[in-house]
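Work out the full structure, taking the sequences as your base and the hints as a guide.
Each protein sequence line maps, in turn, to chains A and B.
Taking this note's numbering, the leading residue of the first sequence gets 13, the next gets one more, and so forth.
Taking this note's numbering, the leading residue of the second sequence gets 77, the next gets one more, and so forth.
The hints are simulated quantities; they were obtained by calculation from the structure and are not laboratory data.
Check each hint, because a few of them may be wrong.
[Claimed, not checked] Now the in silico label distances, taken between C-beta atoms and shown as ranges: (1) A:Lys-232 - B:Val-107: 29 to 37 Å; (2) A:Arg-335 - B:Val-454: 22 to 30 Å; (3) B:Gly-644 - A:Ser-382: 53 to 61 Å; (4) A:Lys-234 - B:Pro-119: 33 to 41 Å; (5) B:Leu-218 - A:Pro-231: 29 to 37 Å; (6) A:Asp-197 - B:Pro-119: 29 to 37 Å; (7) A:Arg-385 - B:Leu-226: 52 to 60 Å; (8) A:Gly-139 - B:Ser-451: 30 to 38 Å.
[To be verified] For lysine-lysine, the following DSSO-like pairs were computed, each having C-alpha atoms within a straight-line distance of at most 30 Å: (9) A:Lys-83 - A:Lys-165; (10) B:Lys-431 - A:Lys-370; (11) A:Lys-109 - A:Lys-370; (12) A:Lys-309 - B:Lys-431; (13) B:Lys-130 - A:Lys-400; (14) A:Lys-306 - A:Lys-381; (15) B:Lys-431 - A:Lys-306; (16) A:Lys-370 - A:Lys-409; (17) A:Lys-409 - B:Lys-130; (18) A:Lys-270 - B:Lys-130; (19) A:Lys-370 - A:Lys-110.
[What the hints assert, rightly or not] According to the in silico footprint, chain B covers these stretches of chain A (three or more CB under 8 Å from chain B): (20) 286-296; (21) 412-420.
Predicted model, so just to flag it, every value in this text is computed and none were measured.
Virtual Cβ for every residue (Gly too), placed ideally from N, Cα, C.
Residue strings, one per chain:
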Amino acid sequence: MARGNCFPRKQSSVYRGRFSQFLVLFCFVFFPYGLRFVGSPWVAVESHIAAAAETPGKGKKLLDELVRRAKQEGEVIATIQSSWSKTLVQPLADAFKKRFGLDIKVTVANVASARHFPVAVAETQSGTAATYDAVQGDDSETMLLVGPGGTQKVDGWEALLAEINPLVRSGKVRPDQISQGPFTDHSFLYMANVKQLIYNTRLISEKDLPRTHKELADPKYKGKFAQPPWTSHWEIAPVAFENFDRNEWLEVVRRAGKNTGAVLGESAAVQRVILGEFAFALAQDRYLRQILAKDPKAPVAYRFFDDYNELNGVYYSVRTRARHPAAGTLWALWMTTPEAQAIWQPSDLQAVPYGESKLDRDFWLGIEKSKARVIGFLDNERTVELLKWYRTEEGRKYLDAMARAIRGE
Amino acid sequence: MSASTRRPGGITTANALPLAFSWLILAVVIVLLAFVLYMTFVPSLPTEPGFTLKHWSNVASSRLLTRVIPNTAIVGFGAIFVGAFFALPMAWLLNRTTLPLRATFTTMIGITPVIPGFILAMGWIMLLDERIGLLNNVAASLLGFSSIPLSVKDSPWGIAWVLGLILAPAIFFLVAGPLCRIDPSLEEAASVVGMRHLTTLRRVTLPLVWPGILGGLIYVFMTAVSIFEIPALLGAASGKVPVLASEIFYSVRPGGPLTATFAYGAAGVYGTLLAAPSLVALYVYLRVLERTERYQVITGKGYRPRETDLGGWSWIGVGFVVLYLALAVGLPLLVLLWASLMPVLQMPSREALSKLSFTNYDGLFEGLGGFGVISNTVVLVLSVSLFVSFFSFMVSWVVVRTQAQSRKLMDMLVMVPHAIPSLAFAFALAMLGILASRWLPWLPLSGTLGIIAVAHVINRMPYGTRVMNSALAQVHRELEECAQVCGTKTPTIMRTIILPLIKPSVIYLVVWTAMLSFQEVTMALFLSGPHNNVLSVSIWVLWEGGNLGTAAAGAVAMVATTGLLMFGILRLAGGPTAGLVGREVGAAPLTKSQ
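This is the structure:
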């Protein structure tokens, strides 16, 4: 994933206002070649930076209008990750209101998107008002909601992002790094995690760990690992291999499923790894960080697979028929900012793919160092097609079979 | 027309009120059941058009017959065996004997349902596991083996053991009420004809409380086969010990969020499969209740129970109760406490001991959601326990005290929700809430505390009516007939005669329902919105999000608070055991010499 590198990493309010506009212009004039090095098409970068440079007026106007409407609405109801501490609710609400000069009621609830989204889809289909104005979910979940029209388009989203998010305004982050592919102008990336192996260093050495997903089916790992019931460790495989055979892959998943010691949610699985019940678990990176933050001496470490590792993006969307659409839009866009990130990231420890915190840098550094092959659903046309295919009847059936195969069926 | 004027079907005008309230609550049950059944014929969401039989055809597999049903039967009957093994002797010991510390023991049994099931399962994994089990390691080192291949995991017997421990209080509370009210004259008569204590217990006491026992066993069976989280932790989730509950869960949410959300119809199908054996058991139960007069032990002549003085045997009784409490309460509480003091859960060791701290308790109140969550929980628990008690009393009155033609149907209907997976019920309610907000915008249902309360009330009615049925079955009709002759109206008879007589059962029901409502997660989680979060959901969310330490700290606080509250309530109510009926009067203990 491309990242802009032309500015000092440390962010502060200095980027707001005229100084940030000056920096954008400075970067535009003096560092065009520097921007090429980050690997994204120059034309797109140029147009986005130009847009960012030109948008202050337009963005400000749009933002002022949104703020005015949000004040009229008087409330916003948004979801946050179910795993986030409730102690984050007040700081997030206060910072949000302060940023936009709002004096409205902010209700923020911990909601597991997989649990809420079927209700949200039903709300959409029945034409009733949405329970939440802004909701968050990962690639697959967001696709589930975007597909049947459960999210609404944000008009002028690029200009608004440039106005609200200093990273976009400064040109360090392109708007399409935040909203792209099938989610363009509907959903906004604000964090991500990557799937990997988390293992107990006292029970297994790094060299004894499986190198590829296929190796999980090796009898020598029987009963030694735990994996979650969901398919996100396996579902990106069709784009990871050149000559992919669906049935063959299902058989791999099934054999690995029969080898599995326990099918558990990722966090529970990691806890059982630390207890010593299992040698390793398939889980996402943040659980390792969270464990080590609580107990630096905990006997855990991670390893990426050599064949592929799925990158799971998490997005905010504004719901169709939201009761407070303007306030919901402000929330969804604001959550992409370093200001919001500085509140939730120290405790949640998930990375922001376009962020500049130490954690974000380490996130990419870890991937680069290990030369891990990280694939996200919005990486290219092929991955996007796969994401869309999983929404078809055939795709759903395939995922169903995969989920059953995880449990060895 | 007099209060006792009969109508066709055996209904008097005096019984019109209970009948009306019964049908009110049953109407909600019927609507929800119909909706769940309807979902089994809908391809995806109920808001989408289409008709399908695929949910029904999908469940027909050889695996179902060869593995799922046998495992489920082992889990169900095994849980009954374990539960009854502990609960029946405890119910007698704590309600009909002079065992010391009865108040404390009963309170502790009441706390059991507050302890999250997954904590108990984790506790048993830490104790009995081939690799990390503390008992296994101790036994292995004593016997000189490298490991002991004994585990609660990946075995239906292990699941039955843990579920039986958890569900024993359900049988205990169902049997305790009737046991308190047994007419001592029957036991005295047995004593006069020379029956020994054990024979009296077996041939007089147990048959008299048979409806309570049978109701409890059916309830435990239906609960054991429908609980998901404990079998899931102990091997069902990985497909090694598939049971009906895990099949339901994974049919509804196969794992992938893209597909997970659209198979709710499968839950209804499995619910029907679960309901079938339960309805057979219910039929047997109703046959027993048909001969209600056999169990009427509270008459107008005298009903004060006597307590057996166990003498020197009382310490064996204490040991038995302590053994149960150690297995079902002590162990999980220790695990909870340990987890709450550890930064990251680890097995006990010298190194782990050096890491103990109270960090997880810092900012706990705020972390659980603060005052809003606490007040929501209090309102929910109080309202659910009161509504369940009220409606259960009304339904049971019609079933047990009237000759209404519909009474058997009512008793069947009110029991069916217990067989329907709570996830399916919650989904049906959520859908109805959405539709209501479209067509009846004045009806505040979706996202309110009310919708969770409705779900809990419907879900607890089966247990409530079992308690009330067995309690009312024991009160002889002569008491109310006497009052009717004096011109007393039915509501007054209920309030001034019947309710005081069945007070222990009512208090047990209120407390037990409150406890169950307090700890229920599945429905509350599914129906939760921005404004109706409750404590159990907050703790579950913490656990699910990987914050086991904080979740454990929350659970410790929850158990401590509930324990104190329960202790206080039972004290205020006059005592937690048999004294609720007769101890104030102080009938002389039935000693061995008598």
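Hints, one by one, checked against the model:
no.	hint	result
1	A:Lys-232 - B:Val-107: 29 to 37 Å	55 Å, violated
2	A:Arg-335 - B:Val-454: 22 to 30 Å	28 Å, holds
3	B:Gly-644 - A:Ser-382: 53 to 61 Å	58 Å, holds
4	A:Lys-234 - B:Pro-119: 33 to 41 Å	38 Å, holds
5	B:Leu-218 - A:Pro-231: 29 to 37 Å	32 Å, holds
6	A:Asp-197 - B:Pro-119: 29 to 37 Å	31 Å, holds
7	A:Arg-385 - B:Leu-226: 52 to 60 Å	43 Å, violated
8	A:Gly-139 - B:Ser-451: 30 to 38 Å	33 Å, holds
9	A:Lys-83 - A:Lys-165	20 Å, holds
10	B:Lys-431 - A:Lys-370	27 Å, holds
11	A:Lys-109 - A:Lys-370	27 Å, holds
12	A:Lys-309 - B:Lys-431	10 Å, holds
13	B:Lys-130 - A:Lys-400	24 Å, holds
14	A:Lys-306 - A:Lys-381	25 Å, holds
15	B:Lys-431 - A:Lys-306	10 Å, holds
16	A:Lys-370 - A:Lys-409	41 Å, violated
17	A:Lys-409 - B:Lys-130	13 Å, holds
18	A:Lys-270 - B:Lys-130	27 Å, holds
19	A:Lys-370 - A:Lys-110	25 Å, holds
20	286-296	holds (count 4)
21	412-420	holds (count 7)
Comparing the model with each numbered hint stated earlier shows that hints 1, 7 and 16 do not hold.
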